[in-house]
Every structure is written in structure tokens, then in C-alpha cells.
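Student: One letter stands for each residue in the lines below.
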Amino acid sequence: MTATSLNPEPPVRVRIRTHRLVLYTVLVVVTGLFLGPFGWLVLTALKTPAELASAPVHWVPAHIQWHNFADAFDLIDFLGYARNSLIIAFLYAGLVTLSSAWVGYGFARLSAPGKKTLFGILIGSMMLPQMITLLPTYLIFAKLGMVDTYWPWVLWGLSSAPYLVFLFRQFFAGLPRELEEAAIVDGCGYGTIFWRIFLPQSWPVLSASFVIAFTWTWGDYIAPQLLLSTDKSTLAVAVMTTYVSSAGTPITNLQAAASVMYVVPILLIFLVAQRGFVAGMSTTGLK
Amino acid sequence: MTVDQMSTVADRPRAAATAGRTRSAERPRSTMTARRHRAFYMFVAPWIVGFLLLTIVPMAYALWLSFTTFDGISPNWHYVGLGNYRELMNDSVTWDSLGRAGLFALVSVPLSIIAGLGLAVLVNRPLRARGLFRTLLYLPAVVPPVGAGIAFKNLFDQNAGATNGVLTFFGFDAVGWLADPYARYVLIMTVLWGAGNIMIISLAGLQDVPRELHEAARIDGASSWRTFRSITVPLLSPVLLFQTVTGVIASVQTIMPMLLAPIATTGGLTTVPQSNYTYMIHVFSQYFALGRYGYASALLWVLFVLILIATGLIFRFTSGVVFYNVDPEAKK
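Chains A and B are the protein sequences, given in the same order.
Each step along the first sequence adds one to the number in our numbering, with nothing skipped, and position 245 is 258.
Each step along the second sequence adds one to the number in our numbering, with nothing skipped, and position 13 is 20.
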């Protein structure tokens with residue numbers, strides 16, 4: 014599609030061909046480098062402890078140790094941790110999607126004095142360093158006896174997330190005005206308008222928001238590490254901390270197998286929901 | 008009425024109802040306007056309440072703790088005024104960890120932006136399997152930090168890691184990547200691995216660059232590098248600015264050093280190698296390994312203020328450089 018490719022002169026065509034060759038080579042090499050760490054993780058998961066301990070590296074396992082995956086599954090209560098992760102992720106993602114849609118509707122379709130200031134604070138709060146607020150929040154949750162419960166995720170979910178609010182606001186602001194006009198004339202409340210008219214329109218954003226929030230929670234390490242005891246904790250914490258022998262040394266191959274099993278669902282979700290994910294990122298990325 | 012309704016459906020914050028408009032509309036339709044105002048606050052209430060209770064209150068609590076000796080255990084903790092801040096100023100560990108965090112941000116943020124932008128330009132060309140390349144390059148950015156940490160720990164393992172495998176294959180000595188002084192390079196590489204994030208966002212920006220500009224430049228005989236430098240980069244500058252700010256904020260609060268440490272628990276912070284002992288790791292070890300909540304809260308507040316200053320400075324220094332291509336006639 015470049016202007017030069019329209020040029021019929023042969024030498025140019027040859028130049029373009031070598032140019033393309035270089036381009037593809039660079040791309041393939043870079044893509045290989047980007048996939049490398051994950052590929053190596055899979056290879057590590059298929060090796061024996063002896064292969065991982067000896068000094069000249071074993072590039073591929075002599076015998077593929079498929080049973081490492083089963084062993085990683087059995088060594089800890091993998092399913093239990095996965096269930097905890099799922100509960101927290103569904104709880105948070107479901108609540109935060111609804112609350113963010115609700116707040117986003119307010120910012121997109123309604124107005125009142127102070128709206129501009131509030132919106133500015135909302136945008137500014139996206140830049141607040143979350144780790145800084147998390148630590149004192151942890152102390153407060155501990156004081157309120159909410160450590161080792163899932164209440165923190167419920168509260169975080171109910172209070173909406175600025176990033177997702179913005180996503181919904183952008184979407185709702187783009188819908189035509191006629192949508193609620195008739196309803197307003199009929200005397201419908203705004204709650205009903207939101208619930209009956211706007212929410213059913215927003216399936217693409219709802220699912221994008223849910224997927225984004227789900228991957229946040231599934232990937233979060235520090236909040237569950239701080240707030241939950243070991244048996245109530247999530248897969249992220251378990252994968253990171255529990256694959257240790259009684260002597261205190263890490264069980265590398267099983268940990269690698271466990272992290273493959275921990276990461277792959279997220280990769281699959283991303284591949285399926287890619288479009289909404291990327292659309293969400295590029296709307297909120299700048300505008 | 009119509010003016011008021013237009014502002015209701017305002018699709019830009021700038022176009023939101025100005026005070027004058029609202030006032031003029033209040034006279035004829037005051038009940039409806041009042042109803043709409045009440046509805047607005049009802050809708051934004053969850054966010055306001057949540058923001059107050061889960062952000063403002065904790066920050067205020069941390070500010071109060073930072074003036075005390077609170078450690079969660081001893082009952083006779085007390086107010087020490089600026090004592091923690093004074094101690095912090097004289098603590099060389101704090102200063103060293105702050106320097107490390109700053110250096111890490113200074114190196115990793117520009118590198119990942121350059122990498123992300125480079126990838127975006129690469130996959131923005133007409134290519135076969137362009138979508139596949141985009142997906143594969145973005146994929147690592149979706150991998151959760153725990154997965155990334157474990158993957159890099161294995162990749163850079165002294166004995167079993169692929170990097171040392173390559174080094175020894177070419178006759179070099181194996182390197183202890185995860186220990187001092189090399190651990191910092193591994194940390195930077197974990198950031199670069201997620202450059203697909205910046206790639207996707209830049210890609211959206213690249214596709215917004217008006218085609219006519221590129222064509223005009225080509226007719227004028229500009230080289231592709233010149234076009235990139237004088238057209239693409241200026242038009243992308245708001246995106247790049249946003250990435251710089253969020254990148255700096257993300258890099259100073261990263262817990263990746265913890266995940267790359269031999270034993271990754273908040274209790275096992277001592278295993279983080281010196282060269283990756285960043286400010287955030289220092290905060291964590293004061294918080295959880297030592298339980299010095301008062302002192303650690305002072306550390307947090309200092310970091311918070313420093314981030315605000317850094318963000319302000321970035322905006323200040325780029326205000327003349329960043330180019331906002333705002334088209335008043337744009338239909339969006």
C-alpha cells in the first residue's frame with residue numbers, strides 16, 4: 014500500500030523484495046524473542062529435576078515429562094486455589110462491571126454542578142499509584158476484621174474502577190439522544206432508563222469490561238498475598254510460593270508446570286476476547 | 008431546553024454544561040433539572056463513596072500513621088511529629104533504594120516506549136499475517152506478573168537457563184543473572200517483554216495519523232525517517248506522553264523484584280538482590296518484614312509526593328513539545 018509499491022520499475026521491485034525480506038526476518042526474530050520466555054517455561058515444565066540441576070543446559074528434555082503437570086496439580090490443592098481465584102475474579106469483575114457502567118452512565122448522560130470537577134478527579138485518580146493506597150487499605154481492612162474474607166473484593170467491586178468508568182462513559186456518550194428521549198417524556202426514572210435501555214445496548218463494552226477486570230484479579234499477586242491466608246488464597250499466590258520442597262528449595266519443574274496452567278487460561282481468554290480488549294485499551298489509552 | 012439537553016448528552020467533558028447554561032435552564036424546567044441533578048449524583052455515588060473510603064481515607068490514615076511509631080503490636084505507640092521523616096532523610100538505605108527506583112524508571116520507561124513504538128511501526132506496514140504478528144507480540148503483555156516472574160527466573164537461571172546456554176555455547180562464561188549486579192538487567196527485560204501494550208496503544212494512534220500528511224511529505228521528497236520524526240512522532244506525542252506518565256508510575260511501584268527473588272514471599276524479602284532493592288521493596292520490607300507501619304507510611308507519602316512532582320515535571324517539560332491535533336470540526 015506504500016506509494017513505492019505502485020512504481021512499476023524493476024530495480025525498485027527488487028529493492029522492495031529485499032526490503033520485505035529484511036522486514037519479515039526482523040519480525041520473525043523479534044516475535045521469537047517475545048515468545049521465548051514462555052516457550053522456555055513450557056520446556057522447563059517438561060524436564061526432570063536432574064536436567065534442571067546440571068550445568069551445561071539441556072535444551073530439550075530427554076524424555077518429555079508430561080506427568081509434571083499432573084504432579085503439579087496434586088502436590089498442592091491446585092483446584093482449590095483455582096476455585097478461590099475464580100470466585101474472587103467473578104465476584105470482582107461482575108460487580109465492578111455493573112458499578113462502572115452505572116457510574117459511566119451518570120458521567121455520559123446526566124449533568125449537575127460539579128460534574129466537570131468530579132470527572133477531572135476521576136481521570137486523575139487513574140494515575141494514583143495503587144500500591145501506595147493498597148498498603149494502608151490493608152491495615153484498615155485488618156482492623157475491620159476483613160482479612161481472610163472476600164469482602165475487600167466486594168467493596169472494591171462496588172466502588173467501580175475509574176478506567177472502566179471511562180470506558181463506559183465513552184460508549185454511552187456516543188449513543189444517540191433519541192434513546193432516552195421517549196422514555197423521559199413517558200416519565201421513566203433514570204434508573205429504569207439505564208437498566209432497560211442502555212445496559213442491553215452495551216454488551217460489547219460489558220463483556221470487554223468483564224474480561225479486563227477478570228484478568229486484573231486473576232493476575233493480581235499482592236492483594237491476595239496480603240489479605241488472605243494460605244488456604245484461602247488465589248492461584249497466583251499458590252503458584253509463586255507453595256512449590257517448595259520440605260528442605261526449602263524451589264521445585265522448579267513443577268512450579269513451571271503450575272505457572273503454565275495458571276497463565277494459559279488468561280491467554281485463551283485474551284485470544285477469544287481480543288477485539289474488545291484491544292478496542293478498550295485504545296479508547297482509554299489516550300482519549 | 009434543547010441547549011440543556013445537548014449538554015446532557017455531551018460527549019466531551021469540555022462541552023459539559025457550563026454554569027451559565029444550567030442557570031438559564033433552571034427557570035422554566037426547574038423540577039426536571041433538579042431531578043437530573045439528583046440522578047447524576049445518584050449515579051456517580053458509588054464511585055464517590057468508594058473513592059473516599061478506599062482511597063482518601065487510607066491515604067489520610069497513612070499520613071496520620073507517618074507521624075507515629077505504630078507497629079501493630081506494641082500498645083504504647085505514640086506521636087513523633089516529623090520524626091519518621093527526619094529518620095528517612097538520614098537513612099542511606101532509603102536514598103539508595105530511591106536512586107535505584109529512579110534509575111530503573113529512567114531506563115525502562117524510555118526503552119519500552121521506543122520498543123513499543125518500533126513494534127507498532129513494524130506491524131503497521133502492509134504485511135502478510137499482520138494480525139498474527141500483532142497478537143503474538145502483544146501476548147506477553149497479558150501474562151500476569153507471577154507468570155512473567157517465573158518465566159524469567161527460569162530463562163535466566165544460572166544452570167538451566169537458556170541465556171547462559173547461549174552464552175556458554177559461544178564460549179562465554181555463565182553469568183549469575185538473578186544475583187548482583189546483573190539482576191537489574193533482568194528486571195528491565197521483564198518490562199520490555201510487556202512492550203506489546205505500548206505497541207497496541209501506539210498502533211491506534213498511528214492509524215489516526217491522516218494519510219494526506221504522509222502523502223504530502225512524500226511528494227515533498229521527505230525520507231521515511233524524516234516523515235516518521237516530523238509527522239508520526241509529533242502526532243503521536245500525546246499518546247507517548249500518556250505512556251511516559253503511566254510508565255513512570257508503574258515502574259516505581261513494581262513488585263517484580265520480589266517475584267524474581269529466589270524465594271518470593273513478603274516475608275522473604277531479604278532474598279531480593281541488592282541491585283533490585285528498589286524503593287517499593289524497601290517499603291514492603293519496612294511494612295511486613297519489620298512491621299514498622301509508621302515509618303513505612305512516611306516512606307509511602309514521600310513516594311506519593313515524589314510521583315506527583317515527577318508527573319507535574321513531565322507535563323511541564325513536554326507542554327511545548329506535545330502536539331494536540333484537536334480538530335474542532337471532528338465529528339467524534
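Don't read these hints as lab results, they were simulated from the structure.
There's no promise every hint is true.
Stated by the list, open to error - These stretches of chain A come out as covered by chain B in the derived footprint (C-beta under 8 angstroms, 3 or more residues):
1) 89–103
2) 211–219
3) 239–245
To be verified - Which chain A residues stay away from chain B? Per the calculated CB distances, all over 10 angstroms, these:
4) Thr57
5) Ala195
6) Asp199
Claimed, not checked - Here's a subset of chain B near chain A, in silico, CB distances under 8 angstroms, partners left out:
7) Thr62
8) Leu144
9) Ala158
10) Leu162
11) Thr175
12) Phe177
13) Gly183
14) Ala186
15) Val312
Please read these numbers as outputs of a predicted model, since none were measured by experiment.
The beta carbon of each residue, even a glycine, is placed where N, CA and C say it ideally should be.
Student: Checked against the structure, which of the hints given earlier come out wrong?
Tutor: Per hint list: 1, 2, 3, 4, 12, 13, 14, 15 violated.
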